[in-house]
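> Each protein sequence line maps, in turn, to chains Z and C. According to our numbering, the first sequence is numbered sequentially starting from 286. According to our numbering, the second sequence is numbered sequentially starting from 286.
Calculated from the structure, these hints are not laboratory results. Predicted, not measured: the structure shown is a model, and the values here were computed from it. Incorrect hints may have been included.
As the list makes no split between identical chains, a pair holds if one copy fits it or if it spans any two.
Listed below are the simulated BS3-like cross-link pairs for lysine-lysine, each with C-alpha atoms no more than 25 angstroms apart in a straight line [stated by the list, open to error]: (1) LYS428 x LYS501; (2) LYS501 x LYS420; (3) LYS320 x LYS296; (4) LYS473 x LYS501.
Now for the letters of each chain:
Number of protein chains: 2
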Amino acid sequence: MSLEPVRAHDKVSLRDRDARPPKGLDADDDTLERKVDKLRDRLATLQEALYAESKQSLLVVLQARDAGGKDGTIRRVFSLVNPQGCDVHSFKQPTPQELAHDFLWRAHAVVPAHGMIGIFNRSQYEDVLAARVHKLVPKETWKKRFDQINDFERMLTENGVTIVKFFLHVSREEQRVRLLSRLTDPTKNWKFEAGDLKERDLWDDYTHAYRDVFRKCSTKWAPWYVVPADRKHARDYLVLDTLVSTLARMRPRYPKADPKTLALMKDLREPG
Amino acid sequence: MSLEPVRAHDKVSLRDRDARPPKGLDADDDTLERKVDKLRDRLATLQEALYAESKQSLLVVLQARDAGGKDGTIRRVFSLVNPQGCDVHSFKQPTPQELAHDFLWRAHAVVPAHGMIGIFNRSQYEDVLAARVHKLVPKETWKKRFDQINDFERMLTENGVTIVKFFLHVSREEQRVRLLSRLTDPTKNWKFEAGDLKERDLWDDYTHAYRDVFRKCSTKWAPWYVVPADRKHARDYLVLDTLVSTLARMRPRYPKADPKTLALMKDLREPG
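Build out the structure end to end from the sequences listed, making use of the hints.
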């Protein structure tokens with residue numbers, strides 16, 4: 286069971302039932318957990334080679350509604366990855382300095398360097414999602430951004446950055462349960478923001494905006510994946526499986542030392 | 286068995302035998318590995334609270350000779366830590382732009398934000414180590430830097446940054462074995478630099494420079510720990526144990542929601 290990328294121009298369904306785990310991943314059993322563990326190991330192994338090679342990088346874009354599981358996905362999917370080879374950037378409300386630039390400026394500044402996995406917790410897509418839903422910019426501005434994002438992402442992929450984009454799709458009911466638990470569980474209080482309820486009221490507007498994003502910006506060079514995310518183990522499995530396939534296709538290779546360097550071995554053969 | 290910080294003005298011994306694991310940690314057995322696993326879990330738990338609290342940060346400085354194990358320590362010690370709450374910065378040869386500023390400029394720019402663990406892989410100390418040993422700056426310049434570093438670090442600690450500094454101490458023989466393995470093991474070739482052998486020739490100069498660093502810059506507010514690092518499990522244990530005690534003393538607390546926010550629960554009690 287693997288995710289398929291959204292095909293360009295496809296109308297993606299984002300019904301509540303699409304958030305349920307697909308067949309074969311719908312039991313939170315030990316088998317699934319063992320598979321997840323195995324993929325985690327595999328991801329860590331591939332990342333070490335990517336880091337050593339240092340010629341290409343992987344950019345992982347994570348988008349979701351509030352309580353969609355972005356933070357948990359990062360913690361659980363990347364938990365075995367060497368933090369030295371992995372950069373996470375959270376895109377918050379733009380600062381005045383960021384607003385004084387084009388909307389891609391702040392994203393470009395934190396694109397992962399060669400050898401790195403970069404994770405965007407929210408991303409440039411906020412500028413065609415929140416910015417659109419809250420009418421922060423006029424329609425003629427955000428409409429142009431789909432192409433601008435596509436061009437930007439193509440340029441990146443032509444320069445050694447592989448891009449994978451995930452939408453963690455949770456149902457309205459699962460979001461309710463998770464938001465409520467942020468209020469009842471004292472170790473989760475800090476995650477709750479009063480604004481979350483206002484965003485929840487805009488559910489359908491976001492659905493609409495997300496569907497446009499997938500339709501217009503799931504490209505051959507930077508595909509979108511819609512992840513059924515109501516259940517954490519299935520979600521982790523699907524994200525990990527996609528990342529591992531992507532990295533395997535990138536074929537990172539450990540660089541070999543040249544003969545001149547290897548000749549230095551003789552100086553190290555004896556103690557001293 | 287825990288590490289003691291270097292006491293100010295102490296002359297630290299850096300003999301080869303000081304790199305051996307201390308009694309009680311000298312068997313690479315399952316007991317030690319289980320203890321290391323437990324500390325890793327504890328570190329991850331404390332970090333989650335630090336991140337949630339978002340009022341203070343932890344800066345971990347790692348210094349070592351070549352092949353001293355900085356990369357491996359980062360991978361193994363922080364492997365369970367959420368990458369979202371953890372930034373690693375490697376200090377390489379300064380760029381022209383960095384050289385056009387005071388030596389602390391590039392370090393200040395990457396000090397961990399509130400809530401974060403920041404790891405410096407090498408650090409501002411290179412400017413009293415490599416810079417001194419290779420005579421990149423005159424003595425009257427680097428001599429002033431010890432106090433400048435102390436003042437900088439005190440300012441940081443007075444502003445919510447807790448600092449711990451580790452020197453991973455390996456013996457000359459262990460360094461030889463590790464450098465050789467970089468040449469014989471194809472997955473390690475990429476780590477070998479011809480310059481490593483030149484650095485090895487300067488062993489005593491570095492010993493001298495490091496001893497000055499510990500003597501002058503192990504302060505109450507930013508202590509240095511010398512870690513016997515010839516054996517990886519013992520090294521990991523000692524670093525983890527020190528980090529866990531330090532974080533526990535910082536007492537990170539999950540923020541509580543205010544009553545007004547908690548009142549919003551009623552809107553979430555029913556499906557819809």
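> All the hints need checking, so say for each whether the structure fits it.
Checked hints:
With identical chains, the CA atoms of LYS428 and LYS501 are at most 25 angstroms apart within one copy only, with a shortest distance of 10 angstroms there and 60 angstroms across copies. In this homomeric assembly, LYS501 and LYS420 come within 25 angstroms of each other (Cα to Cα) only inside a single copy, at 20 angstroms, whereas the closest approach across copies is 57 angstroms. For a Cα distance limit of 25 angstroms, the shortest separation of LYS320 from LYS296 qualifies neither inside one copy, at 31 angstroms, nor across copies, at 52 angstroms. Taking the closest pair of Cα atoms, LYS473 and LYS501 never come within 25 angstroms of each other, the shortest separation being 35 angstroms inside a single copy and 43 angstroms across copies.
The structure shown violates the earlier hints numbered 3, 4.
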